[in-house]
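*Asks:* Produce the complete structure using the sequences and hints provided.
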Amino acid sequence: MRFLQTLIDALALGALFALVAMGVSLLFGVMRLVNFAYGELMTAGAYALLLTKDMATPVRIVTALAVTMALAALINVILRPFRAVPPTTSLIATFALSFLLQNLAILWFGTQGSAMEFLPDLNQAFAIGEVRVRWITLASLVIGVVLVATMALILRRTDIGLQMRAAAADFSMARVLGVRGNWVILVAFLATGFLAGAVTLALAVQRPLVTPSYGFNVLVPALVGVVVGGLDRLVAGTMGGFFVGFATVMLGQYLPPDARVFLNSALFTVVIVVLLVRPNGLFVRQTRGYERL
Amino acid sequence: MNRRSLWELGGPTLLILAVPVAGSAMSRALQLQARSILVTTAIVVALYLFIGNSGVLSFGHISFVALGAFAAGLATAPAAVKPTTFPELHPILAQLQLGNLTSLVLAGLIGGVFAFLVGIPIVRLSGLSAGIATFAVLIITNNVLRNWEVIGPGAKTLSLIPTTTGFVQATVGAWLVVVVAHVYQRSRFGRVLRAAREDPSASRAVGIDIQRQRLLAFTLSGTLAGFAGGLLAHLLGSINTQQVFLDLTFLTLAMLVIGGIGSLWGAVVGAVVISTLNSFLAEAERGMNLLGIQFQVPGSTRLVAMGVLMLAMLALRPTGLTASRELAWPFFHRNAEAPVGDRIPDPDAPG
Numbered sequence: 001m002r003f004l005q006t007l008i009d010a011l012a013l014g015a016l017f018a019l020v021a022m023g024v025s026l027l028f029g030v031m032r033l034v035n036f037a038y039g040e041l042m043t044a045g046a047y048a049l050l051l052t053k054d055m056a057t058p059v060r061i062v063t064a065l066a067v068t069m070a071l072a073a074l075i076n077v078i079l080r081p082f083r084a085v086p087p088t089t090s091l092i093a094t095f096a097l098s099f100l101l102q103n104l105a106i107l108w109f110g111t112q113g114s115a116m117e118f119l120p121d122l123n124q125a126f127a128i129g130e131v132r133v134r135w136i137t138l139a140s141l142v143i144g145v146v147l148v149a150t151m152a153l154i155l156r157r158t159d160i161g162l163q164m165r166a167a168a169a170d171f172s173m174a175r176v177l178g179v180r181g182n183w184v185i186l187v188a189f190l191a192t193g194f195l196a197g198a199v200t201l202a203l204a205v206q207r208p209l210v211t212p213s214y215g216f217n218v219l220v221p222a223l224v225g226v227v228v229g230g231l232d233r234l235v236a237g238t239m240g241g242f243f244v245g246f247a248t249v250m251l252g253q254y255l256p257p258d259a260r261v262f263l264n265s266a267l268f269t270v271v272i273v274v275l276l277v278r279p280n281g282l283f284v285r286q287t288r289g290y291e292r293l
Numbered sequence: 001m002n003r004r005s006l007w008e009l010g011g012p013t014l015l016i017l018a019v020p021v022a023g024s025a026m027s028r029a030l031q032l033q034a035r036s037i038l039v040t041t042a043i044v045v046a047l048y049l050f051i052g053n054s055g056v057l058s059f060g061h062i063s064f065v066a067l068g069a070f071a072a073g074l075a076t077a078p079a080a081v082k083p084t085t086f087p088e089l090h091p092i093l094a095q096l097q098l099g100n101l102t103s104l105v106l107a108g109l110i111g112g113v114f115a116f117l118v119g120i121p122i123v124r125l126s127g128l129s130a131g132i133a134t135f136a137v138l139i140i141t142n143n144v145l146r147n148w149e150v151i152g153p154g155a156k157t158l159s160l161i162p163t164t165t166g167f168v169q170a171t172v173g174a175w176l177v178v179v180v181a182h183v184y185q186r187s188r189f190g191r192v193l194r195a196a197r198e199d200p201s202a203s204r205a206v207g208i209d210i211q212r213q214r215l216l217a218f219t220l221s222g223t224l225a226g227f228a229g230g231l232l233a234h235l236l237g238s239i240n241t242q243q244v245f246l247d248l249t250f251l252t253l254a255m256l257v258i259g260g261i262g263s264l265w266g267a268v269v270g271a272v273v274i275s276t277l278n279s280f281l282a283e284a285e286r287g288m289n290l291l292g293i294q295f296q297v298p299g300s301t302r303l304v305a306m307g308v309l310m311l312a313m314l315a316l317r318p319t320g321l322t323a324s325r326e327l328a329w330p331f332f333h334r335n336a337e338a339p340v341g342d343r344i345p346d347p348d349a350p351g
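First to last, the protein sequences are chains D and B.
Heads up, the first sequence is in our numbering, so the first residue is 1 and it goes up one at a time.
Heads up, the second sequence is in our numbering, so the first residue is 1 and it goes up one at a time.
Keep in mind the hints are simulated off the structure, nothing from the lab.
Check before you lean on any hint, since a few could be wrong.
[Unchecked claim] Partial list, computed: chain B residues near chain D (C-beta under 8 Å):
| id | residue |
| --- | --- |
| 1 | 132 |
| 2 | 308 |
| 3 | 310 |
Note that the structure is predicted; figures quoted are calculated from it, not measured.
C-beta atoms are modelled at their ideal positions from N, C-alpha and C, and glycine is treated no differently.
*Replies:* Structure (structure tokens):
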């Protein structure tokens, strides 16, 4: 029974990391940009929940989503000069932006964490047979599955989805064929903002203590997943995120405590090995001429 | 040594010498800041030796600084207290007791050996992959240092390190690092690596083993970073893993980018100018009196300012304050030779 319980927890964290990973790879697909500042979207959402502590839950949810999407749009504007630069430069730029935003958060809120108390009741468990499942675990799973499916549908079935896939495959060619580049990039940013907001809502229930590095701490493992899965393709990157979330819970449960503290080292060693051996990612068929999203 | 070479080394040397000259006239607190500027310069120049010459980004160099700092710190902290403060520490380390200069050499050696081992796989990567892989190296080093108490103080702070990095050692240390970087980039190896940076395919075609050249630069730069880490430990007197992690990585990269990523002059200018500004803001965060006006800015202002400066520089002038050029003899023969590094080098860019 213990195993089943762990399995469910692992699936839930996997689903959340998959959402974060999806945001990162979506943006990479369209813009060729690894956005370190993605974590700060989640931090912003968390602080929005903190500031609206006394308000009604629906108001808090809408505010958090609005804040993450607005910040995503703002980041789009800030990163505009970095669209046509070498990947090295844009990587330094998003690293700098992430740091800047974290320190702005320190400036405004201090380094001390504050509790935001978002729907704490969801942490209670209900029983299925002998397995006790927390409501938030179920909610995370549902949110994860629904959003990944929705995103996939949007990309496959809608006009803007088609344009995003076109832009991801060949940005300049897509523009020649009438795709509005700026618009597609803005939509991609807004989508990642929305995803970040949704992840924040699920995370906030389980980790109510918000600090300036709240999002960064989630982004780093998710980024591992994206690189391991395959940075270049949405499905592979998302699966990678899921895999890392899943493995984190499983290994955390079954490794001896002495070894558990080195989990991060193990994860990042996998990153280096994958970059060397299969630089396109584990979940990507090594062929040419593919679609990126 | 011709005149141009002399000038290329002379400029950074003068700038480094200016720091203790200006610093020794100031108050005690500011003297500490001036010494820290020199140590930071050493770190940034070490970083430059690899990034600037190879065009490959590294987020991982602060790992070598960290190892150097802990090596020098552990080697000189009093052997009498080490076993009681850090019971898990390996007996060899607990009993190790070196002199100040030997500990700096040890710091450099450890940094170099570690950089060599890490470099063997890492130098195969470039562009985005190199950025992420070196970031991974930073995280792994921090994670291991923080949790493995056999080789270091773990999450605790290592204190009672003799504070021997005075003006003399800081100045000479920073200058030595600059000299090594200068000699390297004027040497056959430095030129070959720069050629590979500008055009990987062409340099492969003339028989350059790019990975081998990068590994040499990576190891050399890791050695300097470790040495600078030793200076840092002896400057602060106490050190913990969080002091040599993301913040320092960000700050040193910001300095390199703002000064000019592609030249030694850029690295030194960036380090001196930005750490001066940084020290000023750090004082202002503590509260200061300027021209009779007492004021204080909130904590972490300086990191916000660094972030804004760095982003603005990257967006508006990606070659930095110095345009990534070496200091040129100002009176004649200006630009006699085509300057290297007019742009931020990128080996992946379509040629």
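*Asks:* If you test the structure against every hint from before, which numbers come out violated?
*Replies:* none
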